[in-house]
Structures are given as structure tokens and as C-alpha cells.
Amino acid sequence: MIGTNRYIGNPVERVEDLRFLRGRGEFVGDLRREGMLHAAILRSPIAHGRIRGLDPAAALDIPGVRMVITAASIGAVPTIPLRLLGLPGTERFLQPVIAADRVRYVGEPIAVVLADSPALAEDGVGAIALDIEELPPVADRRAAGKDDILLFAEAGTNLAMNFTATCGDADAAFREAAYVRRERFQVQRHSAMPMEPRGLLAEWGAAQGRMTVFGAAKVAFFNRGTLAAMLGLPTSAVDLIENDVGGGFGARGEFYPEDFLIPFAARHSGHPVRWIEDRREHMIAMNQARETDCDVEIACRRDGTILGLRGEVFVDLGAYIRTTGLIAPRTATQFFAGPYRVPNLRITTASLLTNKTPTGTYRAPGRFETSFFCERLIELAAHDLGIDSAEMRRRNLIAAAEMPYQLPRLDPGGTATDTECDSGDYSETLDRCLAEFGWDAKRELQGRLIDGRYHGVAIACFIEGAGAGPKETARLDLELDGTISVYVGSAAVGQGLETVMAQIAADTLGLSLDRMRVFHGSTPHLPEGYGAFHSRSTILGGSAVFQGATALLEKIRMAAAGRLGIAAGDIEIVDDAARASDGRSVALAELATERLRVDTAFANNNRLTYAYGASAAHVAVDPGTGRVELLDYLVVEDVGRIVNPLTLHGQAIGQVVQGLGGAFMENLVYDANGQLLTGSLADYLIPTATDFPRIRAIALENYPSPSNPLGVKGAGEGAIIPVGGLMANAVANALVAFEPMPNQLPLTPARVWAMASKQRAGTS
Amino acid sequence: MMQISFKLNDKAVTVDVEPRLHLADCLREVLRQTGTHLGCEHGVCGACTVIIDGEAVRSCLVLAVQAEGSAVVTVEGLSNDDALTPLQTAFRKHHALQCGFCTPGMLTTAHALLTKEPDADADRSRTVLAGNLCRCTGYIPIVEAVLEARAAYRNKP
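Read top to bottom, the protein sequences are chains A and B.
Counting with my numbering, you get residues 1 to 764 for the letters of the first sequence.
Counting with my numbering, you get residues 1 to 157 for the letters of the second sequence.
Treat the hints as calculated values from the structure; they're not laboratory data.
Keep in mind that this is a model prediction, so the values were computed, not measured.
We put the CB at the ideal spot given by N, CA and C, even for glycine.
A portion of the hints provided could be inaccurate.
[As the list claims (entries may be wrong)] Sample of chain A residues facing chain B (criterion: CB under 7 Å; computed from the structure):
# : residue
1 : Pro194
2 : Met195
3 : Gly199
4 : His268
5 : Asp278
6 : Ile653
7 : Ala689
[Claimed, not checked] In silico lysine to any residue, SDA-like type, Cα no more than 20 Å apart, as pairs:
#  : chain 1 : residue 1 : chain 2 : residue 2
8  : B       : Lys7      : B       : Ser70
9  : B       : Lys93     : A       : Gly9
10 : B       : Lys93     : A       : Ile698
Could you put the whole structure together from the sequences, leaning on the hints where they help?
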């Protein structure tokens, strides 16, 4: 462990802020190159169809339009491989980088226009003559399940994958249980929606045979391999460069069709090519997420002890399996029960293909959805059995004495077939949350009508699995000016990575923060890297930096000991110098002439960390308008160890508000023809500054993770997990007199109003 | 092409632009001031907000030719060289930015507000900032930062 904590654990102001606050960030759209062409993409306006004709002549007649690239220009059209869970059978449903003869969703790329300006490129897109024969679309997962219209005829089914999680004997538990309840729940399709749309700038160096692509994010090293294979280049001839990244939340940085098309266009045209996605395009092209429903049941004893969970989950996957497309279904299956002890469980999840934009991971994939399902079931059971909501949860939380706790077995599961909760006392965060929230006082308001509004409170618990392996890499160099260059394979997507890595390196070395320069994400820095997903950067990247800094410190001590002729153990680092106990010292800048450098990797053997917590909320519901006001929201999470309380708090608050968007507002609505009806930020509502002004977050570090030297656990995806279930239960408890069933998100004013008015009409 | 002249961050500029070019693209692509960001080009997200003659304006909804003769301030013009302004300092202290993409629009919007209304209360600040979307912070630290920065605007001569 680190001895002097000048930085770790303190609210260090971010180094990134200095450039962002002055308008000096460098996002991919800020880049230009001499002779650069601008790309715009013709996308399918039809959800399902056959391309009968594609004539670019009119586009090429526009002065300034230089080239139109179609499937025919590419020849053998590559498909995009899965990054995770590339299980047998998935190869049948991969997305080609461009549509050759068949289109399967509105937004699928058909042609790329290169022109002298973005406006001219868009003019070119508009001028292409496109003739598509419409086929009947598969509009939703129910239609998909009938298999009468197939997205991939040769596969013979729209069922892309089935996952099953099991433990104990669910059917036996249900036979013997005193209490059983079965319900259906549904979470709507919504999306990460980062504020910066995607973008790429590709440069082909014909003389060297090198491809350089700017605008990479999240998993640049993996994507480099994918792109190199598609272009027929050695991996070492391709570099992916990460610029400042305007938010990721899981969706940005995966390999999309454009990640091939733009580099291809650069090589094909001999010009640097830049493509900047616009928002309308973003909403039909970038991964969507979350569209999941279920038919599930819970079995309990009369005292509220959960005996079993079983049922079926259905995920609307969209038109193809994208790079992370199976992560949400997988996680929904295995983590259905969250932090609760469920001895007998059988959950089966069907992932079905529809003619909509394909889906992928979005912050807490699968966990937001199933937490909503599970917390609703538990709340209904508590209500039916006459048990307090908090007591019901306390009785069923996995106990500290049960750690490590084996979660249900997943089939097929790849490397994640088995996983176990690593450490912690789940009831501690629950009790802290209840106390800080003032549960005992606030629950007296449950269902009460005060000044025309019904009040409701709810409580929910969650676990946040994080730190997917296998490893992360780092390199630390002592530079000739005595500063330290820290290279890490992790990626920055706006979460403050530079600051956190600098904190870890500076504390380990005993140097000041301004001596650290952090480089991340881009492929030239390191031979391999793994990136930013599954809240893994601080866990694996941070541990790699810690490990590297520890080794570099030892090298510095050895080198200084050699110069000073004493034992390395007598050397410490003070003010940019290695100082002996007798007062003599040698400057780090001088030691740097010995080329002191460490290359390292931290591997976790796929042992995940499980942060955990509890959240509580208090709402007031206006039965006349259906408006829900959030009066108080508190999340308490134990994250093992806090590196930067400022950025950690920011993660928690930001997640809650993002989750509230999913609970109340955000909805990607498609019509029966597979057309997106909410295609702008004026139609797809995300939270604004006036919507949720009262949110509190408390972070604890009582149970460090045993699986890494820092003791940290993932902290970027926990707080969003319970938001949907918590809000539905709070609204249900507020409107308890109307016996509402808020089993479908989002809880729009219209839906909440209907819950209050329908019952009222029935009883009057 | 049309020739236009306006003041950008206190400097006179003259550029030739197509009539259809919007001000944000003029700033970013022609004048190479890339601090102004484009998040939607529908006038919804507010990332492209600049200050024109004292008013916070969405530069994606203004044609460049409409800026003729006006004074335009972008995020680059809020601070000079190395020192952060009190508003920027408050943003940093309260961790009112994560990815930094919406930040230029937040800063210009807040600067325009506090210049006119240095006593804007929390509700007023929230209402004005509600025209700018942020996907990272949940807005709470942004409102805190704006409220803290008020003192510096009150003390201006």
C-alpha cells in the first residue's frame, strides 16, 4: 500500500479542466489536415428492404463532390467481429460495414460521399438516386419471436442467443413456497447520448503504408486489430489516436461501420478524410440500449425470505449483434437478483433481432433493467406480505459472513460463467442510507396526500460488478527533465483519467502531481492495452500504474544508491531528488541519464470487484398532471477505496441523473415501420438543470477489494443501477390508494396520470 | 460568397462566407476557433452558445452573415492567457465539468447571465442553464459553481 497519501483520497482538482475551461480541448472535430476531404454517409431510410438501384451520378455532378464509395467500391465487404462474447452462432448475425443489397434498419450505411466541405458532402448524399424495395419489417421482439419474417433467412431464426442463469432448484422452491407472485415488466429503448457526437479523421500514409485514425475512444487497441485485419494491414501499420472525448457511457468507441469506412475512404481517395456525425445521424447510427421486458415470478416464505426467482427475459437487440451486443442480455441474466440472496434461481434471456438500430452497452448494461424488475418484484412481495420495504431487503441481502458469495452460473458464459461477490457488508450501506435519508420519519408520509400531492418513498440496493480482465498495461519513464511520463492502456472518456492516474503515480513515487504527464488510450504509446469499459480503468489501469511506479521507485533508489555508494533502503525521494539519510542527494534529472523506465501489466485473473450500495428516494406525485417531483434522493455506495472524492462524487450524481432520464423521460420510440419517431434532442428528452436539483451521494471505503493492490472497486456504473426500480416503487407507494402497477418505464406524466385517474374513475 | 466583418473576442475579423454557413461553422472551420462546440445543430443542446452583443445565442441557429457588425464573444474570449476567470475557477472547484464538451456553452450562458444579473438566485440560474444539456454532471455542480461565481460579477465596476 502507498505510504504518503498527499493525493490519493483527496479532492484533487482535475488537470484536464485547465484546457476545457479555456476552450482549448482538442476533440476530433477540431482537427484539420491539408487536402482533407469531408465525408457524409447515405443511410437507409427504410427499416427492411432490398437495394434495387444506387446511382451516384447526380452526386458526382456537383462541383466539389469528389467521390462516392459504395459496397461495390469495397469488394468483399467485411463484417464487424464481436469484441466480447463472440459465442458460437453469433457469426451469423454480424453487421457488414456497408449494406450491399439488403438493409435491416433505418440508418444503415449505404454509401459514403467525399467532398470539399461537409455541406457539399451532404448535398452529395441528397443527390444519390436510391431505390429500395421495401420488405415487411420486424417491428418488435414479439414479431421477431414468431420467425415468420426473418432478418437473416439463411439462419432460419431471429433468435440471436439464449442465456440461462441457474442456481439451486427453482421449480422445487416454487412448489414449496407459501407466497408466489408473477409479473411482467418492461424497460424502454434508450441510449447513452453523449454530448459530443462521434467523429473520425483518417490519414493514409501511402509511402509508409501506414493508417492513422484520430477519434478513437474506449478500446483503441482492440479496434486497431479489427481495422488492420479488415484493411489487410499488419497491426503495427495501424495507429488509433484518442483525442479529447466528449462522453462515452459505453456506447462511444466500439467498432462501428464508420470505423472501417472512413479509413477505407482515406486510402481509396488518397486524401485525409474527416467525418463528424450529426445528432440526427447519431440517434439512428450509434448503439441504442435497454429495450428489455420479462415475465418473472418470485417465491417467498411468509416472513419475506426469498426462496426463488424464475422466468423469462426478452431483449430487443436490433438488426445485428454489434461488438458488445450480448453484454446486456448476459448481465441481465446472471445479475437478475442483484445483491440479494436467492438460493434457487432460473432466468432465461432470449435476444431477438428486429429491424431497428442495433444495440450495445450503455452504463450498467442489463443491470439497470433487471434491477427495475427485481426491485419491483421485491416491493410487491413486501407489500403483499405486510413487511416494511427496508426490512424486506435487509432480510435478503447477501451477508458479510457469506463472502465471497458465488453468483448464479451462466450458460453460455465464456470467461464469465462463474463469478463471486468479493467483499463487503451490504447491510451496512443499507443502514447508512436509511439513517442519512431519514427513512423512519419519511416513511410516515407513505401514500399521504399533502397539499394536493401524494408522497412516496422507496429504497433499493445494488451491486456493481466491475474490472473485467484480463489486464491493463502501463509504462513509466523518468524523463531527462526529472518529470515522469506515465503511459497507460486505459482510455479517457471524460471521467478524469489523467488526474486519477497522476494521483496514483505521484503518491507512489513521492513526487508532486505537476511532475506527472499522463498519456492514455492511443496505440503508439504501448504495445498493447485494454481500455475503458466495465468501470475498469482505476481498478486495472490504476493498479498497473501503481505497480509500475513502485518498480520505478525501486530503480531510482538503486541508481541513486549506486551513485552515492550506500544501500538503496537508505534512499528516499524528496523534492525531485533522491536523498540519502546522510543528507547527500542526486537530482532525478541526473539519474534520468541512466534511462530509468518500467514496462508493466496488471492482471486480475478475471476476478471482478463488486462495489455495493443502497439508494433511497422521496417523491411527490400530482394526480392531476402526473408530474413527479423528486424531493430527495440519496445514494450510498462502498467503493472499496476512494482515489479522488471530487470525481467520484461527480460520477455518482451524474449517474443518478442519467438514470432518472431513463426512469422518467428518455424513449426511443419506433413506429410499426421501424421509423424512429424521436430523432432529435427536442423529441428525445434528457434531463436538464431544472428537472432533478436535489440529489445526494455518500461514498464509503470500508471494504477494500482484495483483488487489486489499491483496494479500489469500480465506481462508474453503480449509482445508475437502481434508479428505475426505485422511482417506480416510490411512485407506486405514493399512489398506493389507487393500486397502481408502474411496471413499465419511462414513468411519463401521461402514464402516472393514468395510474391515478383510471382507478379513481373505477372507484367513484 | 459574401464578405462579412464583425468583432470576435475584441478583435476585428473579416471573412468570406457562403450565405448558408452558420455562425458556429464559421467560427470553427473558417476562423479556427474550435472552443465553440456543436452537439446537435438543432438549437437544443446549447453547446454552441456564444455571446452576441451581450446576449447568449446559439451559434448553430445564426447564419454567419447575421453576425455582420456585431461583437461576438466565444469561450476563448472569456479569459486571457493563463489565469482562469472566477467563473472558470468555480467550475473547476465544484467539478462542474467531466468530458468538457458542453462546458463552453455552459460558461458563455452563465457569463451572459451573471453579467446582466449578478444576483441571479438558484432557481433563476437553473432556469437559464436548463437550455444547455450536459450528460455527465447531473447539473448540480454547475449550478453550485455559477452561484459561487456571482460575487465576482457583483464586484465588477
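Okay, the hints, checked on the actual structure:
1. Restraint check, Pro194 (chain A) versus chain B: the minimum CB separation of about 6 Å is within 7 Å; hint holds.
2. The interface hint given for Met195 (chain A) is met, as the beta carbon of that residue sits about 4 Å from the closest beta carbon of chain B, less than 7 Å.
3. Because the closest C-beta pair between Gly199 (chain A) and chain B is about 10 Å apart, greater than 7 Å, the hint is violated.
4. Because the smallest distance between the Cβ of His268 (chain A) and any Cβ of chain B comes to about 24 Å, over 7 Å, the interface hint for this residue is violated.
5. Taking 7 Å as the C-beta cut-off, the interface hint given for Asp278 (chain A) holds, the closest approach to chain B being about 6 Å.
6. This hint holds: Ile653 (chain A) has a C-beta 4 Å from the nearest C-beta of chain B, less than the 7 Å allowed.
7. For Ala689 (chain A), the shortest C-beta to C-beta distance to chain B is roughly 4 Å, which falls under 7 Å, so the interface hint holds.
8. Of the pairs offered as hints, the one joining Lys7 (chain B) and Ser70 (chain B) holds, with about 6 Å between alpha carbons and a cut-off of 20 Å not exceeded.
9. Taking the CA atoms of Lys93 (chain B) and Gly9 (chain A), the gap is about 16 Å. The hint holds against a cut of 20 Å.
10. Taking the CA atoms of Lys93 (chain B) and Ile698 (chain A), the gap is near 18 Å; set against the 20 Å cutoff, the hint holds.
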